[in-house]
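Could you build the full structure based on these sequences and the hints that come with them?
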Amino acid sequence: MGSAYDFAEFEEPVDEEERKTRERRLFMYSLEALAAAALVERAHVMFPEFERALAAFDRIYQLSGELETPQGALLTGPPGSSKTTLAMYFAKSLPQGNLFDIGYGAICIRLRANPTSGLVVSLLLRAVKYPFTEVRKSRVYTMRDIAFEAISQKGTKIVFVDQAHCLSTQVRPRHADVAETAASDTLRELMDETKVGLVLLADASFNGLDSVDQALADRVSVRLAMTHFADDGFWMAFLQAFSKKVQIVDISVICSADGAARTHLATGGNRRSFRRLITEAVLIAVDARCKALTLAHLRLAFDRVRGDAVEKANPYAE
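The working numbering numbers the first residue of the sequence shown as 39 and each following residue consecutively.
Calculated from the structure, these hints are not laboratory results.
Please note that a few of the clues may not be correct.
Lysine to any residue pairs mimicking SDA-like chemistry, simulated, CA-CA at most 25 angstroms apart [unchecked claim]:
#: 1; residue 1: 130; residue 2: 350
#: 2; residue 1: 350; residue 2: 116
#: 3; residue 1: 283; residue 2: 123
#: 4; residue 1: 167; residue 2: 183
#: 5; residue 1: 167; residue 2: 116
#: 6; residue 1: 233; residue 2: 223
Here it is as C-alpha cells:
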C-alpha cells in the first residue's frame, strides 16, 4: 500500500495515493472560509491593560529623539496575553508622515536564548532590511555602527524587543580581549546613541532588569503588566466588543452567560487561545453555510485546536 510520504515512481497514477489525497482535501477549508477567518484574526479590541500600554508607547514615541533623557518601558505578561500583538498593532497604526520611512517608525526584533551583542546587531540590521546581516565577532562594532546609522536614517523612534526575558541568559565575554559586549550593553548604547525609545516584552517569570543590567534598567523606567482575563465583567465586556467587531458571522453565542463561562473554561482567558478558537469556529461555520456561530461549532473547533491527547474536557460538550 502506498504511503502518503512515498515519493518514488510517479510515472503511473497511484489509485491509493489519489484516494488519500482526495480524503485529505475534504478536511481543507474553503477559500471563502479562510478569507472570513483572516478578518476575524485582524479584529482588535481595546481593554484597560491594552489601552494603558498603548498610552505609554505613545508617550515614548513622542519623546524619543526630542529629549536627551532615555525613554523606555518593560512590559511583562504570560504567553498569550497580547504583548507581541500590542507591539504589532502599535507599529501598524502609526500615522504616515515625513519623519520616518513608511514601516520603520517602530520596528521589532525577537531575542532567543543566550543572546549576544552580535545577535542584537544582526536582528537590528534585518529589521531595517539591510542587505548584509551576518555579524562576525571581529566586526561586531563595525556592524553595530552601521545598524545604528541605518536606524537613525530610517527615522525609527521605537524598537520593540520581544522575548526580552532571554536577557537573563545573555552571554558576556569571559576575557578582556574578546571584541564583543553583552546584548544589554548594545541595547543601552542603542538608546544613548540613536535616541530611540526601547520597549522590552518579557515573560511574566522575568526577574526584572535590575538583575540583568542596572544601567539599562535605569533607562527603561516604565513598568507595565499584561494578564489573562478572569471570568468577570471585563471578560464579558471583551467578548461583547469582539463580537461587535466580527461582522462576517454572528458570534454572539459567546456573549451569553453560559457561552462566556464555557469560553473562559476553554481558553483560560488567554487571548491567543481565544483568537485561535474563535477563528477555527468561524472556519467551520462558514463552510457549514451558517450565518451564526453555535455551541456545536465551538465544540468541534475546540477538538480541532486542542487535539485528543489533552486531559481538559471539552467545555462545549453537552
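Each hint tested on the structure:
Pair hint residue 130 plus residue 350 does not hold up; C-alpha atoms about 36 angstroms apart against a cutoff of 25 angstroms. Of the pairs offered as hints, the one joining residue 350 and residue 116 holds, with about 20 angstroms between alpha carbons and a cut-off of 25 angstroms not exceeded. With a C-alpha separation of about 17 angstroms, the suggested pair residue 283 and residue 123 falls inside the 25 angstroms cut-off, and the hint holds. With a CA separation close to 15 angstroms, the supplied pair residue 167 and residue 183 stays within the 25 angstroms bound.
Taking the CA atoms of residue 167 and residue 116, the gap is about 30 angstroms. The hint is violated against a cut of 25 angstroms. For the given pair, residue 233 sits about 15 angstroms from residue 223 by alpha-carbon distance, which is consistent with the 25 angstroms threshold.
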